[in-house]
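Q: Each chain, written out:
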Amino acid sequence: MNLIPLNHILIFSLALFGIGIYGILTRRNIIGILISIELVLNAANINLIAFSKTTSLSPETGLVFVLFVIAIAAITVAVGLAIVLALYRSRKTIFADEVHLLKW
Amino acid sequence: MDLLQLAIKTGIYTLMAGTLVFALGVVMLKNLFHAALSLAAVLIGTAILYLVFHAEFMAAAQILLYVGAVITVIIFAIMLTEHIAERSIIQRNKQSLPALLGVLALLVLIGKVLLKTPWPVNPSTLDARVSVSDLGVALMGAYVFPFEVISILLVGALIGAVVIARKDSRP
Amino acid sequence: MVTADWIYLVPLFPLMAFVVNLLWGARFLKNKAAWVSIAASVAACAVALPICVKVFGGARFSNEFVWLTIGSGTLRFGYLVDPLSASLLSMVTIVGTLIQIYAAGYMAGDPRFSRFFAYVSLFMFAMLTLTIANNFILFFMAWEIMGLCSYLLIGFYFEKTSAAKAGFKAFLTTRVGDVGFLIGMLTLFATLGTLDFSEINSLLTGTSQARLGINTGLLAMSALCIFCGTIGKSAQFPLHVWLPDAMEGPTPVSALIHAATMVAAGVFLIARSFVIFMAVPGTMPVVTTIGCVTAFMAAFIALTQTDIKRILAYSTISQLGYMVTALGMQGLGAGTFHLITHAFFKALLFLAAGSVIHGTHVQDIRQMGGLFKKMPHTALTFIIASLALAGVPPLSGFWSKDEILLTAFASGHSLVFWTLLLTAFMTAFYMFRLVFMTFFGKARDPKVHAHESPALMTLPLWALAVGAILLGIPGSPMTHHWFQRFLAHAIHHPEYHPSTFVMTCSVVAAISGIALAGIIYLKNIHWAEAIAKTFRPLYQLSFNKFYFDEIYSRYIIRPFNAVGAIFFKFDASIIDGAVNGAGTGSLWIGAVKNWIDQHIVDGLVNFMGTFTRLLNSIVKRLQTGFVQNYLLIAFLSFLVFIIWELKLI
Numbered sequence: 001m002n003l004i005p006l007n008h009i010l011i012f013s014l015a016l017f018g019i020g021i022y023g024i025l026t027r028r029n030i031i032g033i034l035i036s037i038e039l040v041l042n043a044a045n046i047n048l049i050a051f052s053k054t055t056s057l058s059p060e061t062g063l064v065f066v067l068f069v070i071a072i073a074a075i076t077v078a079v080g081l082a083i084v085l086a087l088y089r090s091r092k093t094i095f096a097d098e099v100h101l102l103k104w
Numbered sequence: 001m002d003l004l005q006l007a008i009k010t011g012i013y014t015l016m017a018g019t020l021v022f023a024l025g026v027v028m029l030k031n032l033f034h035a036a037l038s039l040a041a042v043l044i045g046t047a048i049l050y051l052v053f054h055a056e057f058m059a060a061a062q063i064l065l066y067v068g069a070v071i072t073v074i075i076f077a078i079m080l081t082e083h084i085a086e087r088s089i090i091q092r093n094k095q096s097l098p099a100l101l102g103v104l105a106l107l108v109l110i111g112k113v114l115l116k117t118p119w120p121v122n123p124s125t126l127d128a129r130v131s132v133s134d135l136g137v138a139l140m141g142a143y144v145f146p147f148e149v150i151s152i153l154l155v156g157a158l159i160g161a162v163v164i165a166r167k168d169s170r171p
Numbered sequence: 001m002v003t004a005d006w007i008y009l010v011p012l013f014p015l016m017a018f019v020v021n022l023l024w025g026a027r028f029l030k031n032k033a034a035w036v037s038i039a040a041s042v043a044a045c046a047v048a049l050p051i052c053v054k055v056f057g058g059a060r061f062s063n064e065f066v067w068l069t070i071g072s073g074t075l076r077f078g079y080l081v082d083p084l085s086a087s088l089l090s091m092v093t094i095v096g097t098l099i100q101i102y103a104a105g106y107m108a109g110d111p112r113f114s115r116f117f118a119y120v121s122l123f124m125f126a127m128l129t130l131t132i133a134n135n136f137i138l139f140f141m142a143w144e145i146m147g148l149c150s151y152l153l154i155g156f157y158f159e160k161t162s163a164a165k166a167g168f169k170a171f172l173t174t175r176v177g178d179v180g181f182l183i184g185m186l187t188l189f190a191t192l193g194t195l196d197f198s199e200i201n202s203l204l205t206g207t208s209q210a211r212l213g214i215n216t217g218l219l220a221m222s223a224l225c226i227f228c229g230t231i232g233k234s235a236q237f238p239l240h241v242w243l244p245d246a247m248e249g250p251t252p253v254s255a256l257i258h259a260a261t262m263v264a265a266g267v268f269l270i271a272r273s274f275v276i277f278m279a280v281p282g283t284m285p286v287v288t289t290i291g292c293v294t295a296f297m298a299a300f301i302a303l304t305q306t307d308i309k310r311i312l313a314y315s316t317i318s319q320l321g322y323m324v325t326a327l328g329m330q331g332l333g334a335g336t337f338h339l340i341t342h343a344f345f346k347a348l349l350f351l352a353a354g355s356v357i358h359g360t361h362v363q364d365i366r367q368m369g370g371l372f373k374k375m376p377h378t379a380l381t382f383i384i385a386s387l388a389l390a391g392v393p394p395l396s397g398f399w400s401k402d403e404i405l406l407t408a409f410a411s412g413h414s415l416v417f418w419t420l421l422l423t424a425f426m427t428a429f430y431m432f433r434l435v436f437m438t439f440f441g442k443a444r445d446p447k448v449h450a451h452e453s454p455a456l457m458t459l460p461l462w463a464l465a466v467g468a469i470l471l472g473i474p475g476s477p478m479t480h481h482w483f484q485r486f487l488a489h490a491i492h493h494p495e496y497h498p499s500t501f502v503m504t505c506s507v508v509a510a511i512s513g514i515a516l517a518g519i520i521y522l523k524n525i526h527w528a529e530a531i532a533k534t535f536r537p538l539y540q541l542s543f544n545k546f547y548f549d550e551i552y553s554r555y556i557i558r559p560f561n562a563v564g565a566i567f568f569k570f571d572a573s574i575i576d577g578a579v580n581g582a583g584t585g586s587l588w589i590g591a592v593k594n595w596i597d598q599h600i601v602d603g604l605v606n607f608m609g610t611f612t613r614l615l616n617s618i619v620k621r622l623q624t625g626f627v628q629n630y631l632l633i634a635f636l637s638f639l640v641f642i643i644w645e646l647k648l649i
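Protein chains in written order, with our numbering: chain A, 1 to 104; chain B, 1 to 171; chain C, 1 to 649.
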């Protein structure tokens, strides 16, 4: 940890986070959006690990949190994919801009 | 500084850059399957980064759970829902420009804050090594409640996913 | 025992009879309504007479209560039973009761029987109030109510146009007099500061200091204006024209109101305000002149009239002229005495005439004749009354008329004396012309079948006849003029010793009048025609009542009607124009409001709707339905938020 200053790690995770956000906002395919969500969660995980190793007073807190985040990510993917499947079956499409039933 | 450390440092920076490249690949590749594979590469890269942080258990968990389970499920879903061979479909939607600008703004802003903040680095923590048993004790001791909640959540998600994705076979 | 305060009951009994007859007479009482009125009248009599007896014995009662307080002044009503009002009170109650008993028989079978008695009771109430009133205001109020009753009763047979018109004429003519009376009252109040009889009495008699500060000019004017009321009510010249027409009413009404009581109220007014007249002696000649002219003129007209009631009406006017003349010559005792005796024999004359009309169903004396055998009671009482009226001793009329002639002679009014003497001659003549043509000779109209009236009608006739015979005694020399002295206790006026010359003159005038009438109308009736032809202009003047009605109609009534028509047209056009204008204006305002409502109010509402829709079309584009759009907006907002909060820019 002495090798790389904290700032660099944080910038790295920030970049990852930004890319992930860009993906969420831009991707047409719904599964693409889900993948981008995974990126974002991952960036959060890296942050957690970095902080738990450098500034926190109880190092295992961050790690436990990371476990939970991974679990949540998995849940997200599972339910999201179930929705995609249901959507595909009823609308025959998986592109987000073709699903606009909420439109005025 | 000696050569080993320099080499290690270079290696870590390269790793980080590669991960970012693959992350860009995730959001930009037209072929969804390729995007999924890029995601797998990102996740593996992140796992290696964990190793640098002396969080071996986390790295292992990441590989197992993320790469092993999540990516698999995603690939299954891709297979089920799409013609993989199609390449001409545009993957970006109409709001790519505002999104890009917004993200760049975010990066700049938070980056500035980040760099200015004097993070209170705790030297004792730097040297601490968390063992798996410590993790287990924490999980079952101080954090047993979130643990239980997560398990309930998992069960709920399981049931929910099954219900949503079920074929409506009722007449 | 009956005390003085019971006097309030005296007008109250007839008032209650009025209310009872008015409310329940038509449906429940019908023919018994008369008994209600008669009972009330008898009760009033029963209360009044003991009090009067006490007053005759020398007592004097008065009392009052405060009715209204206006600022610092109070309106007090009360009674004053002094010798003057006691005499009148006893006369009114007795004569009124007898006439009502007669009317019960006369009006039997009339469809509006109970209403008649209601009106008569109201009249009795008013007359009795007037008699015992202690101030001018109460007096005037009762005066006006009497005028109303007179109008109602004259126009009782209102289906006849002539009766309705006669009622109207009576009311309006007396109204003219009443206006003068009111002005007189107000002037009196302005001069003296009070309208109470006793207070006026004490102010104007004696040599009190207050008397010196009184404006005699205004006082004279008030006296003359009050006299106007008498001219109207007592049918003096020139407002006498209503009384002959008032004979359209039922005969009991003529007897009660237009012979005995109401017309006497005018004379009573002068008697009550006698001190005022005495305080300004300059007004007396006016009173005397008018009275004298009236007496002569009315007797002159009566010479040629042929309707039995009209002759009696003119006779009434003439006798009232006598009373007014007497009062004008400061003969208070003489005038009042004649008032009382006249009431009895004139009422008797009218009731008997009513009996004749009831029996023969005609009113023209040229159609009557030889009724003596068929209607003995009526005839006898009629003759007794005529003798009294003519002034034949020892009946009451002689004594009272003699007193008046004596006053005229002894006070130096020789022209008045000779005029009154001539009038007495004419009075005897026309009365016995009437008697001879009606009751004696042969029946002139074979279609007339006469019959005597029922006892209900003849008994009051005899009762009044007794009065007519005996009432002369209290004022005659046989009692040393007890009546005049009795009155003088209240008000001082000159007294005269009886003069044989005057007495002889009056007897001669009476007897010669009767004789002449007998000669012409019993034996040589064709002489009447001859005399009429010879004195044609005089005859015409007399027969046409001096053309008074025609003069009034042309020079007074028609111009007033024309002015009234002009005012009516003006009123109709202005007011109708205003109403129509209001209607049109409202319509116009309504149209304007409609325009405003439609365009502005609705426009506003529509604008709200359109504006909302406009906003909507802009804002709804936010809801695209794309989740990623929502996310983008959320993200950008988050950026803005952190920039704002962290103050990075």
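Hints listed in this document are in silico derivations from the structure and should not be mistaken for laboratory results.
Glycine included, each C-beta is placed from N, C-alpha and C at the ideal position.
Don't take each hint at face value.
[To be verified] In silico lysine to any residue, SDA-like type, Cα no more than 25 Å apart, as pairs:
1. K620/C with P120/B
2. K30/B with R28/A
3. K112/B with I4/A
4. K9/B with K103/A
5. K647/C with K30/B
6. K103/A with L97/B
7. K30/B with I4/A
[What the hints assert, rightly or not] Some chain C residues well away from chain B (every beta-carbon gap over 12 Å; in silico):
8. G109
9. K373
10. I473
11. T500
12. V507
13. V508
14. A530
15. G583
16. N594
17. K620
18. F626
19. N629
20. L646
Q: Give a verdict on every hint.
A: Hints versus structure:
{"no.": "1", "hint": "K620/C with P120/B", "result": "48 Å, violated"}
{"no.": "2", "hint": "K30/B with R28/A", "result": "10 Å, holds"}
{"no.": "3", "hint": "K112/B with I4/A", "result": "19 Å, holds"}
{"no.": "4", "hint": "K9/B with K103/A", "result": "52 Å, violated"}
{"no.": "5", "hint": "K647/C with K30/B", "result": "39 Å, violated"}
{"no.": "6", "hint": "K103/A with L97/B", "result": "22 Å, holds"}
{"no.": "7", "hint": "K30/B with I4/A", "result": "35 Å, violated"}
{"no.": "8", "hint": "G109", "result": "107 Å, holds"}
{"no.": "9", "hint": "K373", "result": "133 Å, holds"}
{"no.": "10", "hint": "I473", "result": "137 Å, holds"}
{"no.": "11", "hint": "T500", "result": "150 Å, holds"}
{"no.": "12", "hint": "V507", "result": "146 Å, holds"}
{"no.": "13", "hint": "V508", "result": "147 Å, holds"}
{"no.": "14", "hint": "A530", "result": "143 Å, holds"}
{"no.": "15", "hint": "G583", "result": "70 Å, holds"}
{"no.": "16", "hint": "N594", "result": "54 Å, holds"}
{"no.": "17", "hint": "K620", "result": "18 Å, holds"}
{"no.": "18", "hint": "F626", "result": "8 Å, violated"}
{"no.": "19", "hint": "N629", "result": "7 Å, violated"}
{"no.": "20", "hint": "L646", "result": "7 Å, violated"}
Hint check: violations occur at hints 1, 4, 5, 7, 18, 19, 20; the rest are consistent with the structure.
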